[in-house]
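Undergrad: Mind docking chain L on chain F? Use the hints.
Chain residues, written in single-letter form:
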Amino acid sequence: MKRLLTQTAAGLRALLVLTVLTGIVYPLAVWTVSRAPGLRDNAEGSIVTVDGFPVGSELIGVDPVAADPANDPWFHTRPSAGSADPLGPGDPSNSGGSNKGASNDDLNGRVRRRVELVSLRENVDPAQVPVDAVTASGSGLDPHISPAYAEIQVPRVARASGLTEDRVRRLVAEHTDGRALGFLGEPTVTVLSLNLAVQAAR
Amino acid sequence: MAGLLQVVLLLVALAVVYRPLGDHMARVYSDEKHWRVEAFLYRIVRVEPKTGQHWKTYASAVLGFSAVSVIFLFLLQRLQSLLPLDLGRGPVPTGIAFNTAISFVTNTNWQSYVPEAVMGHTVQMAGLTVQNFLSAAVGMAVAMGLVRGFARSGADRIGNFWVDLVRGTVRILVPLAFVSAIVLVGLGVVMSLKSGVDVVNPDGSQSTIALAPAASQEAIKQLGTNGGGVFNANSAHPFENPGAWSNLVEIFLILLIPVCLTRTFGTLVGNRRQGYVLLSVMGVLWSAMLAVIWWAEAHQHGTAALLAGGGLEGKEQRFGIAGSALFANSTTGTSTGAVNAMHDSFSGLGGGGALLNMLFGEMTPGGVGSGLYSILIMAMIAMFLAGLMVGRTPEYLGKKLGKREVTCAAIAMLAMPTVVLLGAGAALLLPGTAAALNNPGAHGLSEVLYAYASAGNNNGSAFAGITVTSDWFQTSLGLCMLFGRFVPILAVLCLAGSLAEQRKVPQTAGTLPTTGPLFATMLGGTVVLVAALTFVPALALGPIAEALA
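Same order as they appear, the protein sequences are chains F and L.
So the first sequence is numbered by full-length UniProt numbering: it starts at 1 and just counts up by one.
So the second sequence is numbered by full-length UniProt numbering: it starts at 1 and just counts up by one.
By construction, these hints were calculated from the structure, which means they are not laboratory data.
Misleading hints may appear alongside valid ones.
Stated by the list, open to error - When the alpha-carbon atoms are kept at most 16 Å apart in a straight line, the in silico EDC-like pairs for lysine to aspartate or glutamate are as follows:
no., chain 1, residue 1, chain 2, residue 2
1, L, 194, F, 44
2, L, 194, L, 32
3, L, 400, L, 471
4, L, 194, F, 41
5, L, 50, L, 38
6, L, 50, L, 198
To be verified - Okay, the calculated beta carbon distance ranges per label pair:
no., chain 1, residue 1, chain 2, residue 2, range
7, L, 407, F, 5, 45 to 55 Å
8, L, 299, F, 125, 15 to 25 Å
9, F, 125, L, 548, 29 to 39 Å
10, L, 78, F, 182, 50 to 60 Å
11, L, 537, F, 67, 54 to 64 Å
12, L, 12, F, 83, 34 to 44 Å
13, F, 41, L, 12, 49 to 59 Å
14, L, 90, F, 41, 45 to 55 Å
15, F, 174, L, 537, 50 to 60 Å
16, F, 105, L, 548, 14 to 24 Å
17, F, 40, L, 40, 48 to 58 Å
18, L, 528, F, 67, 58 to 68 Å
19, L, 467, F, 28, 32 to 42 Å
It should be emphasised that the depicted structure is a prediction, and the values quoted were computed from it without experimental measurement.
Even for Gly, the Cβ is constructed at its ideal location relative to N, Cα and C.
Here chain L stands alone, though its shape is the one from the complex:
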């Protein structure tokens, strides 16, 4: 009961900010004027903010920017010993640096290292925090490119990436993150430039308590659906998430932008109900998965849980089952990947629910920007399927979905399952994999599947018992993250270009309305069906087998 009220309070808070933030973001991405600080930034970067870009230029900008970001972040970690506040932690090993650079630039924030031991404060702030902002801003920019594709008619430009990037950072992410970070410090999250503090415990023993500039990164880590912890235990660490209030605030921040972007979308395409229908599909799937995970965790039936009297292994007392299930569902339904409890210790069904959330393709409600473009892709697939059934050329939002559009949508949709299944399959064939697992049997297979699902969907959470420091895992997971992020982005931008060029077709009696319950059901059904058809065999060997055991 108490847990349900917690969910109600969360939903009320989201409902209150839905309109103002959604409308604010719509203004940000359609405003004709540039702020003075932005104009100053454009001058330094030497870009002309007034000219729109062809989709190929926009895509080159995304790729070029991401490439230099990976290289910069890699070098920053390798050169850590030359930086101030490195805390003597030395150069980050090559494998970790490579994997981490890709991980943070792709908005995945998968972590193959122990932050307290490996990353100094400068790398955390000037490297990792930066990509927490910028990868989120890139996701939103790409989503806005696609939205403009729908909104524009007979145009060869889909916006200016540099303007979208700068505005998303300056007008949305930085102000929200700054306020949230201060609130989090007020709730007990640490924000210290020290490496730690030495204490003499009451029993006379001595300990060093690790400290870090956590609040500034915690805020953007949730808000930008990033998820990389400043401490190894991530948001289960009391310094990142000290209590019930901070827990609720962090879940709110995770859902905030992906949810409100549906309003932004509706506003920009001139029909808010188009946004509400997407939100309703996201909301129904999110709620259903919450019920599954919550129930499963409250009724764990594994031997250890029965011996202990409940499923609290890997969970914190202050959050309990309800607060942990709510967080787990939100962090995997978005591409966040922060955790306030160890998913590896969840039950078969509960951990399987978190895994399935990712395998939906991260759209319930998905990552910042990426959730919106992913669900729009599925909407087009749904309309294409509906068109096949009635024998009409499918349309969505007044645009015909011809060969090029459907091809782009299919590539965007198939990239993730391809890398997840190929990666996990290859890993399972390798002799070294069994030794890297922390759990035997079906649960061990889930660890491998979860790792590749997390990387391919740019989530970043883990069944963290698996040891991923071998060259194979560092490299293959790194490549999964890259392909899982940029193949869909390229397809989406190509799609945006082709949609923008089209003139809008007028609505006729034969047009399938995309604002009602019929369309919502079709869209939800398509999301579930595609995931089920692709992943049920794999899920049957892992979480389903474990849940039935």
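The following block holds chain F by itself, in its conformation from the complex:
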């Protein structure tokens, strides 16, 4: 018992000094280095600005909502589980997935509804709607869509923004990243920067 008390007292002292080292010095040292040019923008959330005003983060997908659904000029992100609307925007002050399994009736219903909505919105056959368009991401804030999902949105975006489909398709290509080194991860289209590019081109 005396042994346990002696060691516990040493434990308290050890905890306090190691808290200073690993809980104050270490994170603040990382923070200080992250102020360096080239790192700072990343550290503060890869914020994208237009005319000096922050319009979002390169890494965070928030689905744009069209003022007039019949004339929708936006490329849309993946669905967010946190949203009441099956396709609606996520909330970047929070994050998370649906956590529903593939045998869950709620999820079945949601996916079925999304396939309908997307195929109607893009005027394509339900079989052409890609998987990422109708499944909610893990974070609810996925900034990317697949090239296939971008492709079925091209005609609508072109029509609504008054650009030719070829022009929009070129913009999509400019905002598409292949796999890193040709094999890491999956091909992605960054939705925020693509939408900004479409707006700028109008």
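TA: Just chain L now, with coordinates in the frame of chain F:
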């Protein structure tokens, strides 16, 4: 194909660092000299670094240190409103604070809270990050105690806990974490002291994007096989894991120390092949489980997946199936528990694979330190079984495995299944449990089983649909984490003491060699068999039923 190259690159990277890091860690834990900063720390803590400790003293130090850590972390959360950078998030509710304090001190990092809403930056840094380091350093220290038990002969000391703790932190974890954190910021991980940034989206709506000092914690969270997210979505959040490169770096960090510790072990017991054989067993099981999870996720056959055209629910586009399966297998094969995709939305077989990884007892390759001591326990069990078959007193690494050794090994091995099955069984009997589930049927049962497997194995990942904020879940899962962590640790240290006291027995023609394929097969077989015998009935009702449906 692309996914396979990703795995190859990961394995090559691990192979490159295997030797230097394994040897470095062996030097760290056997060095006679103390660094000046360490000597300074020992003076403040008022411990004498030159004296070794009897196993009982060593164990008292582990327990005492962990106890004050739990209390300190609990109080820090309760007093959050008095701290700077609390972001107005107020005192953390008692149930969450209790569960979280245990969770982070036991290296589990199970999270029953939404970090963006509950934890301020000071609690994240001075509380949670600290235990990310120290619980990992404790795991390594205990493993080194056991290794010294094998390496020493006729000794009554197994090392000095304070020296092991400080060196593991100062010489291994802090430098590696610092470099990794900077690399992660370079890849896009946030490191901000702000609470968030207000933006006006292109469509004119307004959002607040949550920010946090993530990179510093992300690095040690993976490196120390901790796994607690700075954001609710954990490593699926683009600010914690922004791309394919960061994903690979994080998986590498998860596996780094557990893998290299096998080299450290071989070096310290004077026969590196003893370490390679453990690594080969870990590697084969890890690869087999990767194949299962990957295949299952690529071939999801649930209704929702068929409607959608694939299993991307809960997965991020930038990682895809391959990057998510690789991460899931690594985070559950170690005791990390970070997730880059929601395991609850995995298929029956894929989620069941993640669950089975934990039920192996976390040794493929396991948590930092805990993976090594867990597989050494299984090696002793395997030798004991082999000894029974041939009617000889079993030996391992020149030490006889007598009554006391086998008893300790059996206690260490049985603690986890006991708390997992008792906990999950009790939870299923309670009337409130059905309401806490997010999925009906077999998948709902998997949610409960997964929760207790995760807590009992100090993993921390979840089938996160389950709501665990009730007093029952907070308390029972907290106790599972405590017993799942400290019962094996005490048994391991008792074992270390008894091994160290023994003189080495010379090898004879009758000694079963423990470096060849025969032993590797026996060890792998024992790991699989023990898990299968213990958990197949439970697994049959959950993931297996779902996979066959």
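Undergrad: Hint by hint, note whether the structure agrees.
TA: Consistency of the hints with the structure:
1. This hinted pair checks out: residue 194/L and residue 44/F have alpha carbons roughly 8 Å apart, not beyond 16 Å.
2. Under the criterion of a C-alpha separation no larger than 16 Å, the hint pairing residue 194/L with residue 32/L is inconsistent with the structure, at around 44 Å.
3. At most 16 Å may separate the alpha-carbon atoms for a hinted pair to count; residue 400/L and residue 471/L exceed this at roughly 46 Å.
4. Among the hinted pairs, residue 194/L with residue 41/F is consistent with the structure: their alpha-carbon atoms are about 13 Å apart, no more than 16 Å.
5. For the suggested pair residue 50/L and residue 38/L, the alpha carbons sit about 12 Å apart, so the restraint of at most 16 Å is met.
6. Between the alpha carbons of residue 50/L and residue 198/L the distance comes to roughly 55 Å, so the proposed pair goes past 16 Å and is violated.
7. Distance hint for residue 407/L and residue 5/F: a CB-CB separation of about 28 Å, inconsistent with the stated range 45 to 55 Å.
8. Look at residue 299/L against residue 125/F: about 24 Å separates their beta carbons, and that is inside 15 to 25 Å.
9. The hint said 29 to 39 Å for the Cβ distance between residue 125/F and residue 548/L, and at roughly 33 Å that hint holds.
10. Judged by the Cβ atoms, the range 50 to 60 Å given for residue 78/L and residue 182/F holds: they are separated by roughly 51 Å.
11. Taken as a hint, the range 54 to 64 Å holds for the pair residue 537/L and residue 67/F, whose Cβ atoms sit roughly 57 Å apart.
12. For the hinted restraint 34 to 44 Å between residue 12/L and residue 83/F, the CB-CB distance of approximately 41 Å keeps it satisfied.
13. In this structure, residue 41/F and residue 12/L break the distance hint of 49 to 59 Å, their C-beta atoms being roughly 31 Å apart.
14. Separation of residue 90/L from residue 41/F is about 32 Å and departs from the stated range, judged on CB atoms against 45 to 55 Å.
15. A hinted range of 50 to 60 Å holds for the C-beta pair residue 174/F and residue 537/L, which are about 56 Å apart.
16. A hinted range of 14 to 24 Å holds for the C-beta pair residue 105/F and residue 548/L, which are about 19 Å apart.
17. The hint said 48 to 58 Å for the Cβ distance between residue 40/F and residue 40/L, and at roughly 33 Å that hint is violated.
18. For residue 528/L and residue 67/F, the Cβ-Cβ distance of about 59 Å falls inside the hinted range of 58 to 68 Å, so the restraint holds.
19. Residue 467/L and residue 28/F have their C-beta atoms about 36 Å apart, which keeps the hinted 32 to 42 Å range intact.
Figure legend: structure checked against the earlier numbered hints; hints not met, in rising order: 2, 3, 6, 7, 13, 14 and 17.
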